[in-house]
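Just so you know, the protein sequences line up as chains L and D, in that order.
Under my numbering, the first residue of the first sequence carries the number 5, and numbering increases by one thereafter.
Under my numbering, the first residue of the second sequence carries the number 3, and numbering increases by one thereafter.
Calculated from the structure, these hints are not laboratory results.
Each hint should be verified, as a subset may be incorrect.
Pair ranges (Cβ atoms, derived) [said to hold, decoys possible]:
id, chain 1, residue 1, chain 2, residue 2, range
1, D, Thr87, L, Asp163, 53 to 63 Å
2, L, His111, D, Lys59, 51 to 61 Å
3, D, Asp190, L, Asp163, 26 to 36 Å
Even for Gly, the Cβ is constructed at its ideal location relative to N, Cα and C.
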Amino acid sequence: MIAPRPERERGTAATVVATPLVPLLEMRGIRKRFGELQALDGVDLVVNEGEIHALVGENGAGKTTLMNILYGLYHPDAGTIRYRGREVRITGPRDAIALGIGMIHQHFMLVPPLTVAENVVLGDERGGPPLDTRAIEQRVRALEERFGIVVEPSARIEDIPLGLQQRVEILKVLYRGSELLIFDEPTAVLTPQEVDELFVIVRQLRAEGKTLILITHKLREVLAVTDRITVLRQGRNAAQLVTKETNAAEIAKAMVGRELKELKARAATGTSLPILQISRLEALSDRGTPALRGVDLVVREGEIVGVAGVGGNGQSELAQCILGLRPVTEGTITVGGADITRDPPKRTRARGVAYVPEDRRVEGLVLPFTVADNFILGKQDREPYARRGVLEREAIAKDGDRLAKDFDVRPPNAKVIVGTLSGGNQQKVVLGREISESPRLIVISQPTRGLDIAATEYVHERLLEQRARGCGILLISSELDEIRALSDRIAVMFEGRIVATLDAADATEDRLGLLMAGHAEAASH
Amino acid sequence: MELLIGAGVIAATLRLATPIAFAALGGVITERSGVTNIALEGCMLFGAFFGILAADKTGSAPLAVLIGLLAGTVLAAVHAVASVTWRADQIVTGMALNILALGVTSYLNYEIYGSGVPSGVPLLPALNLDFLAGVPFVGGVIGHQNVLVWLALVLVIVLQLYMFRTVAGLRLRAVGEHPRAADTVGIDVRRTRYWAVLASGGLAALGGVYLTVADTGSFTDGLTNGRGFIGLAAMIFGRWTPVGALVASLIFGYGDALSVSLQGVSIGDLRIPVQLLSTIPYLLTILAVAGFVGRSRPPAADGVPYESEGH
């Protein structure tokens with residue numbers, strides 16, 4: 005198979021080749037741990053002066069953590085940072101700014117009721133105590149002319165669109181004389197036209213001699229605008245690539261990992277009876293941008309349908325729409341033939357839909373509650389757990405102990421506070437609660453994120469058991485291996501659409517990788 | 003007509019609006035920095051009691067102002083530590099401090115004065131503008147107002163300029179709207195909020211000092227009688243600006259003045275229900291808070307403790 009090479013708009017390829025003796029930025033062996041999670045496990049990042057460097061990886065790969073360390077928002081547990089060859093300690097944003105490092109945050113750091121000019125100079129007003137609005141606006145206008153970034157300085161931030169707000173973020177950084185600009189997922193909130201305009205600005209900045217780091221997981225953008233690529237996966241370096249010598253498939257492979265597992269041979273249990281039917285589903289993201297743009301999907305009884313895709317392409321929103329946790333703007337969802345498009349979660353669950361959310365600590369469990377109390381969440385108002393609004397403590401405790409044993413929760417004691425359990429045991433509590441209701445459909449997101457091998461296998465076995473029972477399962481995962489090992493069919497999501505649905509047997513890693521990167525033509529190869 | 007807009011009623015309006023305006027100015031400062039301070043009522047009570055106590059014991063009215071102001075600032079400092087450093091619930095802390103202030107001042111008042119009141123206390127003088135004596139209306143309204151009334155009016159202008167025309171004011175507003183944005187450009191969120199909370203306590207205390215050392219010359223338990231809270235209402239009605247807070251305070255003051263001047267007055271057989279009239283300002287406040295009187299939006303981070311991201 006020949007990977008298609010996307011077109012690249014590159015004017016000055018020669019600038020890429022010249023590698024200075026000392027890189028502008030050298031981060032070595034960076035480690036950072038958050039509680040149980042080893043977010044960064046010895047990561048290296050080397051950025052040369054005057055290049056656009058892509059830092060890519062899936063959600064949770066550690067990109068943003070690494071950049072927050074560089075900007076002084078987090079302090080690393082280990083590792084060194086060299087800037088212009090000199091070892092530096094960055095204890096806060098002020099240190100970073102002083103070095104000439106600026107960050108364009110994903111969630112803009114702008115004060116909405118203040119004007120563009122006020123936001124640009126805030127904290128570095130150069131004058132005062134009286135606030136000379138005219139002088140400030142003139143200074144900002146001069147800056148805009150120098151870099152060709154135009155926004156009306158006297159406009160209020162809350163009155164201008166996101167694309168322009170981002171320009172203000174860029175101006176803020178340039179105003180402080182930054183030489184190295186970090187863009188954190190800069191296109192996440194932009195329309196396609198705004199993305200094109202951003203890329204014009206990005207190239208202009210490189211022409212001005214600035215160095216840029218682009219954090220993203222969108223391969224099209226990486227190929228369109230960057231010079232070199234560092235790929236992170238699960239807190240480690242996965243690859244170092246030169247953009248013009250690589251392609252989407254290679255980057256995607258590095259992002260999702262390529263350890264191959266034997267596919268288990270399984271008897272087909274799928275009937276032709278559809279349990280979940282989704283048609284032309286549309287919904288908005290939290291930011292109000294389109295997250296789902298017409299999703300069509302069917303899950304049949306006794307079938308596992310895997311949803312593959314690079315994180316952030318609408319998978320989370322899809323699960324939330326099915327459960328009734330996110331308003332549907334267009335399209336329909338039916339379960340067993342009944343329309344549940346606008347049903348609240350309680351009614352949807354009453355139809356036999358179980359849900360294992362992607363973040364068990366936030367959505368799946370009440371951490372300060374006991375295992376037993378977590379087991380009855382969602383059925384706490386029904387017999388035998390409650391009678392006339394009063395909880396039946398004995399029944400709850402008895403069932404808690406039985407479920408804890410059935411689902412191998414360790415320690416097997418339902419009086420333990422869930423928050424003190426390990427991630428794997430917490431997931432067993434969620435899974436146990438959902439499965440014990442004998443659902444007809446399970447919607448499960450990132451079922452094994454953060455789990456060790458044993459717990460992962462346990463979860464997988466339970467899911468296959470449910471499939472054998474005739475339950476339909478929608479499996480959303482960023483682990484391609486997991487999807488390939490469990491699914492009967494695999495749907496690939498890209499930018500809010502299902503770009504292809506493949507039988508598991510036809511879904512090679514290469515094909516999935518290309519589809520995940522948005523190359524829809526790979527479906528027909 | 004004289005009873006509605008006569009010089010006497012308008013002069014009373016100014017007098018009655020002054021303590022409310024001081025509290026409202028304090029509210030504007032602290033909430034613009036992102037900290038709610040309902041302990042303004044307690045700060046005012048502290049100012050009222052320690053002000054008159056100082057006037058009695060030192061025999062100096064200016065010193066009384068200073069000590070009353072300090073007392074309110076000390077109480078506000080407790081609120082600052084709890085809400086900025088410890089990130090406690092600001093409403094709970096504020097309410098606790100109000101109860102504390104009521105208890106402390108009532109206890110000390112009983113211990114020191116028993117059931118009597120201090121006598122021969124020096125009071126803050128009125129500013130007699132004799133050259134206005136011949137001017138109709140104006141002379142009657144501002145010819146003999148207390149120095150603290152004038153101080154309140156001056157502070158309104160000073161704070162309005164500070165907030166919207168200085169670099170420090172810009173930073174204060176940024177901290178109250180989006181503390182993380184302010185933090186990422188190197189503004190010290192904690193320090194900004196500390197100063198704002200301390201200033202709010204001092205301002206509210208001045209309102210209390212006015213009540214005792216300028217107005218009544220004596221202290222009774224719970225003397226402030228909710229004026230600190232009314233100041234907060236004036237702050238909301240005035241859309242979190244000093245000038246707006248003053249206008250709102252004047253409306254409240256006018257309501258109070260009317261209920262005094264219309265007492266016992268009848269139109270034909272109808273006795274004017276003054277208590278009902280004096281509720282109008284509060285109805286206006288409810289409408290303002292509900293958004294019916296134009297846009298009235300608090301600072302975005304008002305009442306939200308700030309935790310810097312560093313680990």
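Check your understanding: Against which earlier hints does the structure fall short, listed by number upward?
Key -> When the structure is compared with the hints, only number 1 turns out to be violated.
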